[in-house]
Every structure is written in structure tokens, then in C-alpha cells.
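Let the hints inform the model, and build the full structure from the sequences given.
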Amino acid sequence: AQTVTQSQPEMSVQEAETVTLSCTYDTSESDYYLFWYKQPPSRQMILVIRQEAYKQQNATENRFSVNFQKAAKSFSLKISDSQLGDAAMYFCAYRSWAGNQFYFGTGTSLTVIP
Amino acid sequence: DAGVIQSPRHEVTEMGQEVTLRCKPISGHDYLFWYRQTMMRGLELLIYFNNNVPIDDSGMPEDRFSAKMPNASFSTLKIQPSEPRDSAVYFCASSLDPERPDTQYFGPGTRLTVL
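Protein chains in written order, with the working numbering: chain C, 1 to 114; chain G, 1 to 115.
Heads up, a few of these hints could be off.
Estimated spans, in silico, between C-beta atoms of each pair [as the list claims (entries may be wrong)]:
1) C:T5 with G:A2: 28 to 38 Å
2) C:T18 with G:Q80: 42 to 52 Å
3) C:M11 with G:T38: 19 to 29 Å
4) G:N51 with C:D26: 22 to 32 Å
5) C:E15 with G:F74: 38 to 48 Å
If you're looking for bench data, these hints aren't it; they were derived computationally from the structure. The model shown is predicted, which means the values in this text are computed figures rather than measured ones. All C-beta atoms, glycine included, are put in the ideal place defined by N, C-alpha and C.
Structure (C-alpha cells):
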């Protein structure tokens, strides 16, 4: 089975600064999807950004962008101009191209310091 | 769209009681997933359905857990009898046919406490 590793259990960032959350994964597949989900204190899982492995261009969604390094099996999330509302648990997830099952990392808790 | 709806949002029960969690997926979504989240084990997939049929229930911890999807707009996850170690947040998620690029949309979760 695929594994997703988030090596940073906790991170903090000053408001308006930039922070990068790390994610690595293990797979033998060539086509797949990668996702970052945000889980605020409300507990709801919210999709932040997704990346198709066949696309070389890094995905961007407003202040959120990824650094996708396919050969290194790395998928980091960069949050620019951090806001207080960005404080949450962030999960990296993997899904194979044809499969239905998501594999989640253990999460990174992000604190935004005013 | 209202998104994935789960009820109840919070459930407190005593050990040995039956617990039923409910989920309404997003209309038109063919896949429905049940997850459990704990501090110790993170987010675990319990079971998922495609067109109301259970496809993979290998994540269901034991026979005390059962899930049904009687129609495209409703699913239940039942624990009978419940135990304190079942305390967790249970998420339901839905998605479209994975042949099309898609993602899973999660509900708000049900926080279950078994005393």
C-alpha cells in the first residue's frame, strides 16, 4: 500500500509570513493524484489544493501553492501571506489514478502567530 | 449544494449501547467513504461504497461495526455494542466516478464518545 509521510507534527508561522509544510510519499505508480486538506477546529476536512502527477506545472490556488517533485516523491505546500484563519491541521493525501482509496498522512498542526 | 451532511454532530453513549451514525452524500456522487480519526491512528478508511454497493470493508475494525447504504442519498455506520476505544471522530466523504478527475468531499464529522 502507498504511504504518505508528514514529518512535521507541528509548525508555526508569523502572520503575513510564508510557511512550507512537507509531505513525502511512497508509490510504484506513475500516475496518481496528490492533495492537501485543511482541518480547522470545526473538524471539517476542506480541500486546499490538488495536483495531478502527470502535470509538471505546480498547482496554485490563491495564497496556496505546491512544490511537486515527482522523482523525489515530494509534495510540499507553501502558504504565502499567512492569515489567522489558516491555523488548522493540514493533511497530505495520495490517490492512485484509477483507485478510489485515499491515503492520508498523519497531519501537521499549523499555528499562526499574530 | 449543501455538501456532505452527517448526523449527529456529537454523540455520547455508554459502553455496550448501539450507536448509529448517518450520512447524506452530495447528490450525484457515486462513491461514499467512511473514515475514523483518532489521535493515535490518524485518519483511517473503514469502508467505501460505489453505487450503494460496499466495495472494500477491509478497514472495518471488527464485527461490531457495520455499514449500509440503502439508497444513493443515505448511509449508516453502526457500532453494536460500542466500546470506549471506539471514541473518535467519524467522517463521511463522497466523490464522483474516479474515472473523471475528482476529489473527496468530507462532511463535518461526528464526534463519538463512549463512556
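Evaluation of the provided hints:
At about 34 Å, the CB distance of C:T5 to G:A2 agrees with the hint of 28 to 38 Å. Look at C:T18 against G:Q80: about 49 Å separates their beta carbons, and that is inside 42 to 52 Å. In this structure the supplied range 19 to 29 Å holds for C:M11 paired with G:T38, their Cβ-Cβ distance being about 21 Å. Separated by about 31 Å at the C-beta atoms, G:N51 and C:D26 satisfy the suggested range of 22 to 32 Å.
A hinted range of 38 to 48 Å for the beta carbons of C:E15 and G:F74 is consistent with their spacing of about 43 Å.
Of the numbered hints stated above, none is contradicted by the structure.
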